[in-house]
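Let chain A serve as the given structure and place chain B on it in line with the hints.
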Amino acid sequence: DAGITQSPRHKVTETGTPVTLRCHQTENHRYMYWYRQDPGHGLRLIHYSYGVKDTDKGEVSDGYSVSRSKTEDFLLTLESATSSQTSVYFCAISLTSNEQFFGPGTRLTVL
Amino acid sequence: GESVGLHLPTLSVQEGDNSIINCAYSNSASDYFIWYKQESGKGPQFIIDIRSNMDKRQGQRVTVLLNKTVKHLSLQIAATQPGDSAVYFCAEGNDYKLSFGAGTTVTVRA
Numbered sequence: 001d002a003g004i005t006q007s008p009r010h011k012v013t014e015t016g017t018p019v020t021l022r023c024h025q026t027e028n029h030r031y032m033y034w035y036r037q038d039p040g041h042g043l044r045l046i047h048y049s050y051g052v053k054d055t056d057k058g059e060v061s062d063g064y065s066v067s068r069s070k071t072e073d074f075l076l077t078l079e080s081a082t083s084s085q086t087s088v089y090f091c092a093i094s095l096t097s098n099e100q101f102f103g104p105g106t107r108l109t110v111l
Numbered sequence: 001g002e003s004v005g006l007h008l009p010t011l012s013v014q015e016g017d018n019s020i021i022n023c024a025y026s027n028s029a030s031d032y033f034i035w036y037k038q039e040s041g042k043g044p045q046f047i048i049d050i051r052s053n054m055d056k057r058q059g060q061r062v063t064v065l066l067n068k069t070v071k072h073l074s075l076q077i078a079a080t081q082p083g084d085s086a087v088y089f090c091a092e093g094n095d096y097k098l099s100f101g102a103g104t105t106v107t108v109r110a
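Respectively, the protein sequence lines represent chains A and B. Okay, so the first sequence: first residue is 1 according to this note's numbering, each after it adds one. Okay, so the second sequence: first residue is 1 according to this note's numbering, each after it adds one.
Hints should not be assumed to be uniformly reliable.
In the DSS-like style, the derived pairs of lysine-lysine whose C-alpha atoms are separated by at most 30 Å in a straight line are [claimed, not checked]:
(1) A:Lys70 <-> B:Lys42
(2) A:Lys70 <-> A:Lys11
(3) B:Lys68 <-> A:Lys57
Chain A stretches covered by chain B per the calculated footprint, using a threshold of three residues with CB under 8 Å from any CB of chain B [said to hold, decoys possible]:
(4) 40 to 54
(5) 98 to 109
Don't read these hints as lab results, they were simulated from the structure. Note that the structure is a prediction, hence the values are computed from the model and not measured. Even for Gly, the Cβ is constructed at its ideal location relative to N, Cα and C.
One chain only, chain A, in its complex shape:
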C-alpha cells in the first residue's frame, strides 16, 4: 500500500464519543486525503491536506476535523461520533495532484 498505514484498522465505539483515526506515510508525499466509503456511494472526500498545517474541506466534511502537524501524519477526528459516521475510512497520499495511493482502510462502527 505504497508506504501508508492506518490505525486502528477496526474500531467499535458508542454514539457521542470522540474518535481519532491516524494515517501515517513513509513516502514524504505532499498531499494527503481522507475518504469515506459507503455502499452505493463510492468514495467521498472528507478533508484533504496540501502541506503541513494546510488543510481544506471535501464534499462530506460536516462532523469531521483534521490535523497535519508533520508531513507523515494526517489525523481525522470525529468530535462526537454518530451512527451515520459508521463507514470504512480510507487515507490516500499523492506526490503530485494526480495519482493517489490508498491505505488499507479503517472500519469504524458507531453504535
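Relative to the frame of chain A, chain B by itself:
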C-alpha cells in the same frame, strides 16, 4: 467480449473474454481521469490514468478511452482473468482532488 453501454453496477464476464467497463463523468473541466481496482477488504489500487488532452492510453492488458464530447470514460480489460474480479471505480481529477463514481463490480466466470 462483454460490455455495458451505460454504467451498470455489475458486470459478469467469461474468463478469457474481453470486458469493457463504462463510466460517465460530470465535470467537463476535469484535468485527468483514473481507473482504480478494489478487491474485497482492501484499499483502491491504481490501474491506469489518462489526461484530458488524450483520448486513448494503453497499459498492460488494459486500455482507457476518453470521449470528452459525451463525457464518457471506459476501461477495457483484455483476456479477463479470475484475478480481475473486483470493484472498478473511475475518478475524475481537478484541483488536487478526485471525485469517484459509484463503481462496477466485475465477476469473472470460470
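For each hint, the structure was consulted:
1. Restraint check for lysine 70 of chain A and lysine 42 of chain B: the C-alpha separation of about 26 Å stays at or below 30 Å, so the hint holds.
2. Distance check on the hinted pair: lysine 70 of chain A and lysine 11 of chain A sit about 24 Å apart at the alpha-carbon level, within 30 Å; holds.
3. Our distance criterion of 30 Å between C-alpha atoms is met by lysine 68 of chain B and lysine 57 of chain A, whose separation comes to about 28 Å.
4. Counting residues of the region 40 to 54 of chain A whose CB lies closer than 8 Å to any CB of chain B gives 8, which reaches the minimum of 3, so the coverage claim holds.
5. Residue count for the region 98 to 109 of chain A with a Cβ under 8 Å from a Cβ of chain B: 8. That meets the three needed, and the coverage hint holds.
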